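One letter stands for each residue in the lines below.
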Amino acid sequence: MTTPRVGAAGAIVLALLATGCGGGSADDRMHVWMYQDTLVVVQDAAVERFNADSDVQAVIDEVPGDTYEDRLRTAMGSSEQPDVFFNWGAGSIAPYAEQGMLTPLDDVFAEDPEFADAYIPSILAAGAIDGTQYGVPLRGTQPVILFYNRAVFEEAGAEPPETWEDLLDLVDLFTEEGVIPFALAGADPWTEQMWLQYLVDRLGGPEVFQRIADGDPEGWRDPVVLEAAEMVRDLVDRGAFGDNYASVSYTEGGASTLLSEGRAAMHLMGSWEYSTHLDQAPEFATEDLGYVAFPPLPGGEGDPANVAGNPTNFFSITADTPYPEEAVAFVKSTDDEEYVRDMIANGEVPVTVGAEELLSESPSPEFATFQYEMVRDAPNFQLSWDQALPPSVASPMTTEIERLFNGQSTPEEFVEALAALQ
Amino acid sequence: MSAAPATARPAARPPARRGGAARGPRAGRPSALWTLPGLLFFGVFAALPMALVAYLSLTTWGGLGDPRFTGLDNWTRLAGDPVMHRAVVLSLVLTAATWAVQTPISLLLGVWAAGRQRTRAVLSAIFFLPLLLSSAAIALIWRSLLDPNFGPLAWIAPRVGAPDADLLGDPTGAFLVIIAVTAWQFIPLHTLLYQGGARQIPASLYEAAEIDGAGRWTAFRHITLPQLRNTITTSSVLMVVGALTYFDTVLILTGGGPGSDTTIVPFLMYEAGFERWEMGYASAIALTLVVAATAVSLVMVRVTGFGAMRSTREGM
Numbered sequence: 001m002t003t004p005r006v007g008a009a010g011a012i013v014l015a016l017l018a019t020g021c022g023g024g025s026a027d028d029r030m031h032v033w034m035y036q037d038t039l040v041v042v043q044d045a046a047v048e049r050f051n052a053d054s055d056v057q058a059v060i061d062e063v064p065g066d067t068y069e070d071r072l073r074t075a076m077g078s079s080e081q082p083d084v085f086f087n088w089g090a091g092s093i094a095p096y097a098e099q100g101m102l103t104p105l106d107d108v109f110a111e112d113p114e115f116a117d118a119y120i121p122s123i124l125a126a127g128a129i130d131g132t133q134y135g136v137p138l139r140g141t142q143p144v145i146l147f148y149n150r151a152v153f154e155e156a157g158a159e160p161p162e163t164w165e166d167l168l169d170l171v172d173l174f175t176e177e178g179v180i181p182f183a184l185a186g187a188d189p190w191t192e193q194m195w196l197q198y199l200v201d202r203l204g205g206p207e208v209f210q211r212i213a214d215g216d217p218e219g220w221r222d223p224v225v226l227e228a229a230e231m232v233r234d235l236v237d238r239g240a241f242g243d244n245y246a247s248v249s250y251t252e253g254g255a256s257t258l259l260s261e262g263r264a265a266m267h268l269m270g271s272w273e274y275s276t277h278l279d280q281a282p283e284f285a286t287e288d289l290g291y292v293a294f295p296p297l298p299g300g301e302g303d304p305a306n307v308a309g310n311p312t313n314f315f316s317i318t319a320d321t322p323y324p325e326e327a328v329a330f331v332k333s334t335d336d337e338e339y340v341r342d343m344i345a346n347g348e349v350p351v352t353v354g355a356e357e358l359l360s361e362s363p364s365p366e367f368a369t370f371q372y373e374m375v376r377d378a379p380n381f382q383l384s385w386d387q388a389l390p391p392s393v394a395s396p397m398t399t400e401i402e403r404l405f406n407g408q409s410t411p412e413e414f415v416e417a418l419a420a421l422q
Numbered sequence: 001m002s003a004a005p006a007t008a009r010p011a012a013r014p015p016a017r018r019g020g021a022a023r024g025p026r027a028g029r030p031s032a033l034w035t036l037p038g039l040l041f042f043g044v045f046a047a048l049p050m051a052l053v054a055y056l057s058l059t060t061w062g063g064l065g066d067p068r069f070t071g072l073d074n075w076t077r078l079a080g081d082p083v084m085h086r087a088v089v090l091s092l093v094l095t096a097a098t099w100a101v102q103t104p105i106s107l108l109l110g111v112w113a114a115g116r117q118r119t120r121a122v123l124s125a126i127f128f129l130p131l132l133l134s135s136a137a138i139a140l141i142w143r144s145l146l147d148p149n150f151g152p153l154a155w156i157a158p159r160v161g162a163p164d165a166d167l168l169g170d171p172t173g174a175f176l177v178i179i180a181v182t183a184w185q186f187i188p189l190h191t192l193l194y195q196g197g198a199r200q201i202p203a204s205l206y207e208a209a210e211i212d213g214a215g216r217w218t219a220f221r222h223i224t225l226p227q228l229r230n231t232i233t234t235s236s237v238l239m240v241v242g243a244l245t246y247f248d249t250v251l252i253l254t255g256g257g258p259g260s261d262t263t264i265v266p267f268l269m270y271e272a273g274f275e276r277w278e279m280g281y282a283s284a285i286a287l288t289l290v291v292a293a294t295a296v297s298l299v300m301v302r303v304t305g306f307g308a309m310r311s312t313r314e315g316m
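As they're listed, the protein sequences go chains A and B.
All residue numbers for the first sequence refer to our numbering, where the first residue is 1 and numbers rise by one.
All residue numbers for the second sequence refer to our numbering, where the first residue is 1 and numbers rise by one.
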């Protein structure tokens, strides 16, 4: 009676493995797995063009976002695996690359220099594992930007921050005004991670995290990490995020609504924040949504032009797909002019070198150009930490970040806990 | 010892107990073959997965390629993992609190609902409402109710003197919320059990007690409670094993947070398996849960004498 029930709980591991697959199936079509969101229309159109003059028909399988990584992981290596699939590059495909489950694309790029030169190099790099290219950029770039509410700033007579002192002054100013200085979705710790990414990069440059990403946990003991953690505590103690950020969720819209309703003045978030507002509060998005780069830090060694976030998303091809040539042809269509135009029309900022002239077709040319130049001119594009690290480290790391922000651990304990992660 | 006891047995039994005549020695006792469907089901869906989980707990496996045998590595790591220690403590506290909160309320509600009051049917229907909702729906509803900026909590809290109440963002608060929400969700089920149990108590017992001058409390204390002994055990075992394996509510309501302050053992298992992709380690956690929950329910059954299945109505 009780045993089977608990046994079933224990066997969730297996049960989910058995049932988690699906989506693709072994028919005679080339299956392209996409993370389900509003941007998939671009890939839908690409598939339509591809199918028009190909013997092998491609089909898009949209997988709901929450379950995307689980479903992909369980399908990989089975007969249900996709032929081509959406991913975040780096850590998100490293386990597959190690198992030899992906098609190396070095030859594809080597044989077609024009194709290779089409992409901004700092972005292409995130699709490589140990020097081998496995990913072709398929989406626009998603740098993390400091968004602000213009109306709130006007009312307070404030200007967006250009330096760290500005930022701290603004925290005090808005706290006095009774406005939360920064909206923060503390229930989704990857939003808190954005702060640390920028602080560490501005303080010590990309080398600090690179050492950690290369697999040296001692890298967390770099004094820069401790300093960044102390700055986070300082911000929290100043009331920079208000009092009840700990249970605010990003995916449910909590933090974005605080910004658009003027209850928060600023929000550090990925560039998709713009589309979120365009969808949820269109008037705010077009009238009052302002954006600046993350300010430099006094005495920081990192280049203030560096950005952090998700360089882009990638297409990768599974190693034992029955359609290797067709798959390559399909992923190469991502630098076609039609594809790039579709992306821009949909509000994305492409990562292809020549996209600049097309940006005027964007629904918001000004924002698109701002983003494009920010990314193009960045000496380094720091990939989100939780994507750059293997999941066995990334998951406990985000929990530790959350504990730091919540005051459940001190900066010293934070560093110790991270250095203990293998 | 051949056929003698077999032929002796039906004779010792009251004859014609199912209305028909005795149909030979095996009449009331189906062959072992009858257990086959049950055994097969148990074997395929419980025993086999458990054996595989036991094997996986001795390996390192990320869901890709073949599991790599690593002996007792996962187990030594489990024994020394501070996160696991915390999770065990949290699970035990949650289980104890669940039992302590849900039992008295369900018992009283159940006994009340077994009566014949005028408002009983209507109120019972309202009390049983949460039983109709799925765990996921319940967790989502409570999550929005407790949203610190846009939920009813944000409206109510400042009016009762707690302007920045953020229950789900506070470690103690989040833990209490889980206890409260699961209680709200599961009390109806246990109330139903107690209602059934209380309805079974013969009215003659209460009539006799009344004649002897017993008040309501005395009757409850000396008739209702002892008569519900087996129901209390059933309900308690369900509660305890349920609380040890709570998962969905925690996943949706708090995600194990803030930080890891509501990361109970089943949630840690999920995190290890499906966020960190350490299937071997997750299996070790799972097996620990299986052993612990089985042990706890066996002990409870033994201690309460439920296993002996003694009737509460002996001598009546």
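Hint data in this document are derived by calculation from the structure and do not stem from the laboratory.
One thing to keep in mind: the hints can contain errors.
To be verified - Distance ranges between label pairs, derived from CB positions:
1. 54(B) x 175(A): 41 to 47 Å
2. 217(A) x 104(B): 54 to 60 Å
3. 416(A) x 136(B): 44 to 50 Å
4. 238(A) x 52(B): 51 to 57 Å
5. 65(B) x 322(A): 18 to 24 Å
6. 140(B) x 216(A): 40 to 46 Å
7. 136(B) x 320(A): 33 to 39 Å
8. 66(A) x 33(B): 34 to 40 Å
What the hints assert, rightly or not - Reference listing, derived: stretches of chain A covered by chain B, where coverage requires no fewer than 3 residues with Cβ under 8 Å from a Cβ of chain B:
9. 332 to 344
10. 361 to 375
11. 402 to 414
Stated by the list, open to error - Some residues of chain A that are not near chain B, with every Cβ distance over 12 Å (derived):
12. 57
13. 98
14. 358
Every value quoted in this text rests on a predicted model; they were computed, and no experiment measured them.
Heads up, the beta-carbon is just placed ideally off N, CA and C, and yes, glycines get one too.
Hints that the structure is at odds with (numbers, increasing): Of the numbered hints, 1, 2, 3, 8, 9, 10 and 13 do not hold.
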